[in-house]
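There are 2 protein chains.
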Amino acid sequence: MLKRMLKVAVLGLGTVGSGVPAILQEQKDKIEQITGMKIAIVKALVRDIEVKKALAQKYHFQLVPDIKDIVQDPEIDVVVELIGGIEQARIFIKEALNAYKHVVSANKDLIATYGEELTTLAKEQNVSFYYEAAVAGGIPILRTLSSSLSADGIDEVLGIVNGTTNYMLTQMAQKGATYAEALVAAQELGFAEADPTNDVDGIDAAYKMVILSAFAYGMRISLDDVKIQGIRMLQSQDVKMANSLDYVFKLIGCSRKFDEGIDVTVAPALVHKNHQLANVNNEMNAVFVKSAGIGESMYYGPGAGSLPTAASVVADLVAIAQNVQYKVLGIPFNIYKKPTKLAADSQVINQYYFHFEVLDGKKQFEQLRSLFAKAQIKIKEMIDYDTQVIVLTYEASAKIKSKFLKSIESTSDFKLISVYNIFD
Amino acid sequence: MLKRMLKVAVLGLGTVGSGVPAILQEQKDKIEQITGMKIAIVKALVRDIEVKKALAQKYHFQLVPDIKDIVQDPEIDVVVELIGGIEQARIFIKEALNAYKHVVSANKDLIATYGEELTTLAKEQNVSFYYEAAVAGGIPILRTLSSSLSADGIDEVLGIVNGTTNYMLTQMAQKGATYAEALVAAQELGFAEADPTNDVDGIDAAYKMVILSAFAYGMRISLDDVKIQGIRMLQSQDVKMANSLDYVFKLIGCSRKFDEGIDVTVAPALVHKNHQLANVNNEMNAVFVKSAGIGESMYYGPGAGSLPTAASVVADLVAIAQNVQYKVLGIPFNIYKKPTKLAADSQVINQYYFHFEVLDGKKQFEQLRSLFAKAQIKIKEMIDYDTQVIVLTYEASAKIKSKFLKSIESTSDFKLISVYNIFD
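Which chain is which? The protein sequence lines are A and B, in order.
Under my numbering, the first residue of the first sequence is numbered 1, with each subsequent residue one higher.
Under my numbering, the first residue of the second sequence is numbered 1, with each subsequent residue one higher.
Think of the hints as simulated: they come from the structure by calculation, not from any bench.
Worth double-checking, as some hints may not be accurate.
The list makes no distinction among identical chains, and a pair is therefore deemed to hold if it is satisfied within one copy or across any two copies.
[Stated by the list, open to error] In silico DSS-like cross-links for lysine-lysine, where the CA-CA straight-line distance does not exceed 25 Å:
| # | residue 1 | residue 2 |
| --- | --- | --- |
| 1 | K403 | K374 |
| 2 | K337 | K28 |
| 3 | K7 | K38 |
| 4 | K337 | K38 |
| 5 | K123 | K30 |
| 6 | K240 | K273 |
| 7 | K28 | K341 |
| 8 | K68 | K43 |
| 9 | K338 | K30 |
| 10 | K123 | K327 |
| 11 | K337 | K327 |
| 12 | K30 | K290 |
| 13 | K403 | K380 |
Modelling step: build the complete structure from the supplied sequences, incorporating the hints.
Here it is, written out as structure tokens:
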């Protein structure tokens, strides 16, 4: 006889946690039709039971204070981890997996750090472990990479995967706001936290790129393998200059394959206004993929928020219900696996935007040109205004760029203000 | 013991058919790793064996002239139908399903017309029947709707799903080309056929909207249920006017839910430049979805072409290999099913763009305003230039619009030149 009910326990009833019962309730007929089962939240782990009583009553589930009330309950099929943080969540998920519960998580930090360990454990226990909501909230990018794009050869994944910084950069580009003004605006709207470090320094985006890289290339890297530069130092004058050259600044998570090695970075970059990513504005997210078969494709949607993120969690629950129904057990979310190989700096190719200050009013452009020529970086465009010079280049390797930057340090005529990658 | 090889026969070796062996060859290691199987084309049905000999030799498969050589071959697991057309393809697919072969097809006309019959037969035979490539070529939209978005409540699906017309409209908007000039340009690039009827009259897009509607709402409609208007009559002056108002014309396949009924149309429409679909240019396609949980999401990519479409076919083959591996049999591509209900004209709501010619030089704007007021259509903006008047309105039902159009016919001061929907 088929199992008619999938019983779920939720750990944490914050923003996302309170969206999950709402969606399960609203879509219950559809879910029952496509899975052949009811999916019901029966328990939720919360710190303060009093605070969440109304929610629990509305959706008819029980509030419990101890993880044991969940992992030791043989009735529970799935544990949804929404408490965030790394260590506590890791312990809870391991306990759940060890008790043969399927697990859904929206915890990017945890998955980027311990994804491999948890995936291995889930496989050993013959249960499912899904985390669609961990990357780009409502955008179904992980399941798309692991199913529809699974047989395509991916070369490039560019992501606008942090809504806070994208909102700030949109304000800077469209309204001429400074970094500080944009941050205040984001904080007022609740897009940025009081301490915005994780977002503005690119760490949040880097975690997501670690996960996207695992799905795109089968390679497991750690946060230390990602070159990270945040938006804190981005100057209004560079934003304006980019605009006049038909580019917009975006915080781009960039994961690319060069030969057999991959290179993963997070940094502000100039994106040409004709590029699909240039039109991803405010708090929205998008993941742009280049692959051998499909070519260019892009997946756009909200990167955060209660309902969008909860919708991804519910999609995972539906997938688990179908696995249970069809008796498909212990298949990893991402099956693709290759030995990790990082690309060398000599392989990583980019176009660059250089911004120099002219020192002592000496506009020694011939000298600057000869430094570029000596470094074998071809200049596409050189714009001279006031005491500043902007140089846009053709493609050159990261190694060549580094060498060139050293050569600039030794000249007394120009000072490097900034350098960014360009995506055309 | 696990089956180690999935044997495929391809019907037709045209543009897409020749892309499939190329992708299977190029991605063979990845495919073997994620499916645990080799996927190999072993036979292809072609009309003229001589013409395709080189391709067959290159990829080591056998050319056969008769469908019986395929459906009666017990070694063949999957039949990939790429011959196009409706009746012949329908017969071949039924023979294949009756012989317990899994089937993959890229044939939108067939699936929009006989999808239900073939899906039912596949289910009875306990085999898989997939057709990701039938809608929007390389964009993995059907599998996304049937998996990741399956538990979300979809309210609106807007598609730019015909590359030919999108290329033409881009030429008209960006280069000021007339319809006739844009058509010639599209034909020269191979984007439009000598007889462009299917594309420019919106029929190709309508077939795709039939399939998308089935996935989005579980409702099966036929081509007759789609209100179709092509781009043949679109005037350059409307394109220019739209541009000056910050809109671009796109051929929008629009499938929306009003209460419990759906309304499906294909027509040129004004899309605001801030809308994600406005930036989908040239031959590219995109599907924009509004749903209760996720909110707004968009899926962008190439709508046609050998490799993109073949990549979707290969994604279907990989899904079948996994079904075989995990012993998941006869699950329809789209499980969601609801009784079909079409929305009434009084329920279907739009904003409109009206273009009138002023007859006899009489600018009786008060009369025009009172006709709108009488019809209860609120005017948002009225632009008077020369002998023409443009009126942009707030939302009104299709029923109210029809009634209004009749009232205009009876006045001798204004003649309706065109009316289009607006998407903000």
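Hint check results:
1. K403 - K374: within (10 Å within a copy, 74 Å between copies)
2. K337 - K28: Between copies, since 14 Å is at most 25 Å while 36 Å is not.
3. K7 - K38: For K7 and K38, only the intra-copy Cα distance (8 Å) is at most 25 Å; the inter-copy one is 37 Å.
4. K337 - K38: between (34 Å within a copy, 17 Å between copies)
5. K123 - K30: Answer is between: at 20 Å across copies they meet the 25 Å cutoff, but 29 Å inside does not.
6. K240 - K273: both (14 Å within a copy, 21 Å between copies)
7. K28 - K341: between (45 Å within a copy, 20 Å between copies)
8. K68 - K43: Within one copy only: 12 Å inside, 57 Å across.
9. K338 - K30: Between copies, since 9 Å is at most 25 Å while 38 Å is not.
10. K123 - K327: both (14 Å within a copy, 18 Å between copies)
11. K337 - K327: both (24 Å within a copy, 23 Å between copies)
12. K30 - K290: Between. Shortest inter-copy distance 17 Å satisfies the 25 Å Cα cut-off; intra-copy 34 Å does not.
13. K403 - K380: within (19 Å within a copy, 59 Å between copies)
Hint compliance for this structure: every hint is met.
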